[in-house]
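**Student:** One letter stands for each residue in the lines below.
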Amino acid sequence: MVNTEQFRRERLDRGIKIRTDGLYALMSWRELSYLTLPRLILIVGMLLLPLIVPGMYWQKVVTILCIYALLAISFDFLAHYVGLVSLGGAFFIGAGGYLAAILNSTYGFPPILTIPIATLVGAAVCTLLLLPCLPLRGVYFAIVTLMYPLVLARIIEALDILGGTDGIVGVDSFANRWVEQYAVIAMVLLALFGIRRLVNLDIGLVFRAVMDNDQAVRASGMNISYYKAIAVFIGSALGCLGGACLVHIYMWCGISLFALDFSILPIAATVIGGSGTLVGPVLGCLILVPISELLREFGTLRIVFYSLILMGFIVFRSEGLMVYGERKYHQFQRWVKV
Amino acid sequence: MSEETILKVLNATKTFGGVTALSRVSFEVRQGEVLGIIGPNGSGKTTLINCITGFIKMSEGEVMYKGKKISGKSAHKIADMGITRTFQIMRPYYTLPAYKNLIIPLFAPRAKRTGGWRGGGKLGDRDTVSVDILEEIGFERDSFVPYKIASTLPTGYLKRLELARCLALKPEIILCDEVFSGLSMSEIASMVPLIERLQMDGITIVMIEHRLRELFQVANRVMVLNFGVKLVEGTPEEVMADEKVKEAYFGSQEVEEVMNYA
Ligand SMILES: Nc1ncnc2c1ncn2[C@@H]1O[C@H](COP(=O)(O)OP(=O)(O)OP(=O)(O)O)[C@@H](O)[C@H]1O
Ligand SMILES: [Mg+2]
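Taken in order, these protein sequences are the chains called A and B.
Sequence positions in the first sequence follow our numbering and run 1 to 338.
Sequence positions in the second sequence follow our numbering and run 1001 to 1262.
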């Protein structure tokens, strides 16, 4: 133990050069690795995940986790880079899922086709349906996105269309479980780095400007609804991609695709992981989804534990793990003699 | 400056519930001039700009731009035609550096069409162009100022940033809502030549201003609003000599000051 009467802890920020991504990073191996190491750990870690988890049950958890991660990235992007708080996770999953299932079971398209088609068409459908509410802000937009999955589930139930309450059975699975796992893991990594790239492009700046000050964007002669629609398309495409994969994983498609979990868990993951960081939400899913699996044994009590964990995170690490971790990574501390 | 009319406002009227903010205001803006709009607080100046630029819908009246009716069009379409504005309450994109603030207007359809700075983006063209514009508007190029986060910039720079945002669109008209207010005398003194230069570049400027003395240095003509009604219009000297204007500004020390000056 350090004697705190004689020593105090000193925290220093690492030099600014080493923290920027510019050309400076190429100056030495040390700086290069300082920047690339966290990314490498993430990529390699994700790729190793199916190999290190025990048994097929947990491998399934990894796949589901990736679906949630896609949703969480979509939520974080829309909420913190465009200013649209969307609770539409269930909506996107449902739209993508049903489209893929119909394409597969009715028209016989293989997964390699159903997934991209369901992603694009599903995103277009979601965007069209959300178009009227794009002028809404904050909680009002959130409420509408939450209504759609509820309404659609009731419609499917009441009219007994698209399989009704039984759902669509006999959807093709992926070739094998390795393909399945690595396909979704690759999608998460691509989505993550893709969106991170996007938000720093010029159009990404426009998205952020729409969030910051939409009047000034209008004064620059830009149609804000158009840019919001593009952003919603991108965000819902991620969700629909997840949904399309999910039906091929479950080999079944039903109204449980519109379950509220798909809307709520990504938000919780974003809160835990650090909002606006994009990586944070993925990290949040890596924590939350396994925990929620472990807690399954406790039956209904699981929601209590779950809430406690969530509350703990919000109270003690309200900035989110990723923001905290990033700060610590860019600092070093040492004990100095008083 | 020519005698050609670029913007024509006919019977602009705006009521907010029971309050009449503008009442049958008609005037013309000539190509290449600097038109000042003055009036006491709450006289409807900002409302007038909002109506012209489509940010709020007029209750009655028409706005013609180069002979075409623009009232009723949405704000982004009007801006796209080259009628730009600054905001009285400045709100830059606070989280972005100053030069990144200009990427947004440079990304706009009008800038892509008229700017001569096509492409951009990947090669960092827009970044260069935006630093150029900032330099033109009075940011020191070789300092850190253009690269500072907008929320840390002092008022003077934010006002310039507002103007730069308009300039990025290569505008025909700039409607300035109190660009001098909140600035020190020396800051205003450095802004005045800037306005003159924009006019020389052929941009028509409409300036709402409370700082009459500085306004009269640059304005070719002045229009006075009071309680949403147009009182008079004319050269600065004519306007200041007018009895109705004296009455509206009664007791205001500034009028006397300016009169002595003029
Ligand atoms: N959105 C609004 N809703 C209701 N009333 C409004 C609104 N905007 C302006 N007004 C009213 O219209 C009148 C004119 O306001 P305006 O902001 O145009 O004045 P102004 O001449 O720009 O004043 P200032 O010099 O203080 O900026 C005021 O009485 C104001 O209260
Ligand atoms: Mg005003």
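The hints are simulated quantities; they were obtained by calculation from the structure and are not laboratory data.
Don't take each hint at face value.
Not close to chain A: a few residues of chain B, all C-beta gaps over 10 Å, as computed [said to hold, decoys possible]:
(1) Phe-1016
(2) Thr-1046
(3) Ser-1074
(4) Arg-1126
(5) Gly-1138
(6) Arg-1141
(7) Thr-1152
(8) Pro-1193
(9) Arg-1197
Restraint ranges, calculated between C-beta atoms of paired labels, are given here [stated by the list, open to error]:
(10) Lys-1148/B / Gln-331/A: 19 to 27 Å
(11) Gly-1234/B / Ala-229/A: 41 to 49 Å
(12) Leu-310/A / Ser-1181/B: 46 to 54 Å
(13) Gln-1088/B / Arg-196/A: 34 to 42 Å
(14) Gln-1088/B / Leu-35/A: 39 to 47 Å
(15) Ala-229/A / Thr-1152/B: 46 to 54 Å
(16) Gly-1072/B / Tyr-107/A: 53 to 61 Å
(17) Gln-1088/B / Gly-164/A: 56 to 64 Å
Backbone N, C-alpha and C define an ideal beta-carbon position, used for all residues, glycine too.
**Student:** The structure should be examined with respect to each hint, and the outcome stated for every one.
**Tutor:** Verification of the hints:
1. Phe-1016: 18 Å, holds
2. Thr-1046: Correct as stated: the minimum Cβ-Cβ distance to chain A is 13 Å, above 10 Å.
3. Ser-1074: 8 Å, violated
4. Arg-1126: 6 Å, violated
5. Gly-1138: 20 Å, holds
6. Arg-1141: Non-interface label on Arg-1141/B holds, nearest chain A Cβ at 19 Å vs cutoff 10 Å.
7. Thr-1152: 15 Å, holds
8. Pro-1193: 25 Å, holds
9. Arg-1197: For Arg-1197/B, whose nearest Cβ neighbour in chain A is about 22 Å away, the distance exceeds 10 Å, so it holds.
10. Lys-1148/B / Gln-331/A: 19 to 27 Å: 23 Å, holds
11. Gly-1234/B / Ala-229/A: 41 to 49 Å: Roughly 48 Å apart at Cβ, these two residues keep to the hinted range, so it holds.
12. Leu-310/A / Ser-1181/B: 46 to 54 Å: 48 Å, holds
13. Gln-1088/B / Arg-196/A: 34 to 42 Å: For Gln-1088/B and Arg-196/A the Cβ distance comes to about 37 Å; the hint holds.
14. Gln-1088/B / Leu-35/A: 39 to 47 Å: 44 Å, holds
15. Ala-229/A / Thr-1152/B: 46 to 54 Å: 33 Å, violated
16. Gly-1072/B / Tyr-107/A: 53 to 61 Å: Because 47 Å falls outside the window, the suggested range is violated.
17. Gln-1088/B / Gly-164/A: 56 to 64 Å: 58 Å, holds
Of the numbered hints listed earlier, those contradicted by the structure are 3, 4, 15, 16.
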